[in-house]
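Asker: As a plain string of letters, each chain reads:
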Amino acid sequence: MKFKDYYEILGVPRSATQDDVKHAYRKLARKYHPDVSKDPDAEARFKELGEAYAVLKDPEKRAPYDQMGSQWKTGQDFQPPPGWDAGFEFNGRDFGAGPGADHSDFFEALFGRQARAGQHTHMHAQGQDHHAKVLIDLADAYRGARRSISLRMPVQDAQGRVTMQERKLDVSIPKGVRAGQHLRLAGQGGPGQAGGQAGDLYLEIAFNPHPQFRADGRDVYLDLPLAPWEAALGASVTAPTPEGPVQLTIPSGSVAGRQLRMKGRGIPGTPPGDLYVVLTIALPPAESESAQEAYRAMAKAFDFNPRTQLKG
Amino acid sequence: MNQTNIPFIQGPVVEEEVHLTLVELCQACSADEEHVMTWVFEGVLEPAGESPQDWRFSGESLRRARLALRLSNDLELNPPGVALALDLLDEIAALRARLPRAGGS
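Protein sequences appear in the order of chains Y and X. Take the first sequence: its letters are residues 14 to 325, numbered as in our numbering. Take the second sequence: its letters are residues 5 to 109, numbered as in our numbering.
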């Protein structure tokens with residue numbers, strides 16, 4: 014287990030007041046909140062911040078944490094010294110870490126027992142609804158698919174210990190589903206307590222990145238490279254679509270960035286999305302003598318200065 | 005592999021086929037009714053129906069309610085703050101969608 018320096022994570026000195034801690038947390042939390050930030054590390058950073066704040070904002074946790082001394086550095090191998098929390102009374106109130114909260118091993122080792130002491134169970138309660146994200150291929154949304162997915166879920170046993178349990182689900186992916194939508198699987202969520210109904214499982218759909226196609230809602234985009242003469246003179250070219258290759262007519266005088274819309278060729282539905290082909294222009298390399306000759310002939314044939322717009 | 009015997013679980017697409025009552029929405033995102041009602045009054049969620057008993061939330065409300073809950077828990081935002089943040093996030097999403105897509109992802 015690695016030590017975590019919660020002061021370093023929040024960027025405050027060990028002498029920081031509770032207000033300093035709160036202030037630092039709020040500022041960083043706004044910056045790294047995964048719903049707000051586009052930073053690829055945002056989710057990991059935000060989790061770390063939440064954990065640091067959970068400890069430092071709560072005097073009942075901060076005091077024993079401080080007791081371990083300041084000689085520890087983040088990433089150092091660490092075992093809690095025996096009796097590290099002796100003399101501190103925990104009442105477990107006001108802390109939301111139960112099954113589902115995703116804390117580091119370090120945090121669990123120090124505060125896991127304490128956090129769970131505060132949980133209470135409703136009798137005959139309906140099971141909790143669970144949420145999970147599932148990655149599918151764009152082609153699955155075009156055709157519908159059957160996918161086996163595995164979910165890891167924290168499960169609490171009779172002694173209150175939490176272990177991760179893996180379970181497999183065979184799920185039918187309906188045709189026309191889009192990224193960001195949810196499937197509701199009735200009765201696949203948390204088990205009910207004492208005869209209560211099981212909760213539902215909500216699966217959020219996301220697409221695996223595709224080398225050619227990108228989806229935006231119902232619409233799908235494809236970059237299609239053209240040779241300069243195909244763009245200038247017009248051409249008939251083969252373009253891939255998620256439903257297989259199609260023959261596409263390129264109008265003469267096409268420029269890079271032009272979008273050709275293939276109506277109804279996006280993700281199926283009522284109405285279906287469209288497929289947009291975004292034209293790009295690729296220059297052939299001038300490696301052979303004949304290719305260089307052709308470029309020279311072009312230079313002669315055109316009175317063309319692409320920089321006429323540039324001033325200065 | 006004997007695939008034919010595996011029962012595949014089917015479920016509706018929430019955004020298109022599901023309308024949720026107040027109780028169902030609260031259950032689906034583990035929020036208190038009180039919270040959800042405040043968000044309705046702040047305009048974060050716009051259910052059909054007159055009184056809380058008659059409210060029907062669109063499937064899209066599930067995403068917004070979960071987002072609202074995360075923002076209010078994680079950033080300690082009050083309901084007007086949550087409403088403002090959601091409006092701004094919607095606006096950012098709309099602006100991003102208008103950016104030229106050529107060559108980008």
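It is worth saying that the hints were derived from the structure and are not from the lab. Keep in mind that a hint or two might mislead.
Calculated from the model, a selection of chain X residues having no Cβ within reach of chain Y, i.e. all distances over 12 Å [unchecked claim]:
id, residue
1, Val17
2, Cys30
3, Ala32
4, Arg60
5, Ala87
6, Leu93
Restraint ranges, calculated between C-beta atoms of paired labels, are given here [unchecked claim]:
id, chain 1, residue 1, chain 2, residue 2, range
7, X, Val27, Y, Thr176, 44 to 50 Å
8, Y, Asp170, X, Glu50, 39 to 45 Å
9, X, Asp91, Y, Lys313, 57 to 63 Å
10, X, Gly47, Y, Glu121, 52 to 58 Å
11, X, Glu50, Y, Gly157, 41 to 47 Å
Which residues of chain X face chain Y? A few of them, derived with a C-beta cut under 8 Å, are [as the list claims (entries may be wrong)]:
id, residue
12, Leu73
13, Arg74
14, Asp91
Model, not experiment: these values are computed from the prediction. From the three backbone atoms N, C-alpha and C, an ideal C-beta is built for every residue, glycine too.
Asker: Give a verdict on every hint.
Answerer: Results for each hint:
no. : hint                           : verdict
1   : Val17                          : violated (5 Å)
2   : Cys30                          : violated (10 Å)
3   : Ala32                          : violated (5 Å)
4   : Arg60                          : holds (15 Å)
5   : Ala87                          : holds (14 Å)
6   : Leu93                          : violated (7 Å)
7   : X:Val27 - Y:Thr176: 44 to 50 Å : violated (31 Å)
8   : Y:Asp170 - X:Glu50: 39 to 45 Å : holds (42 Å)
9   : X:Asp91 - Y:Lys313: 57 to 63 Å : holds (58 Å)
10  : X:Gly47 - Y:Glu121: 52 to 58 Å : violated (40 Å)
11  : X:Glu50 - Y:Gly157: 41 to 47 Å : violated (31 Å)
12  : Leu73                          : violated (11 Å)
13  : Arg74                          : holds (6 Å)
14  : Asp91                          : violated (13 Å)
Against the hints set out earlier in the document, violations occur for numbers 1, 2, 3, 6, 7, 10, 11, 12, 14.
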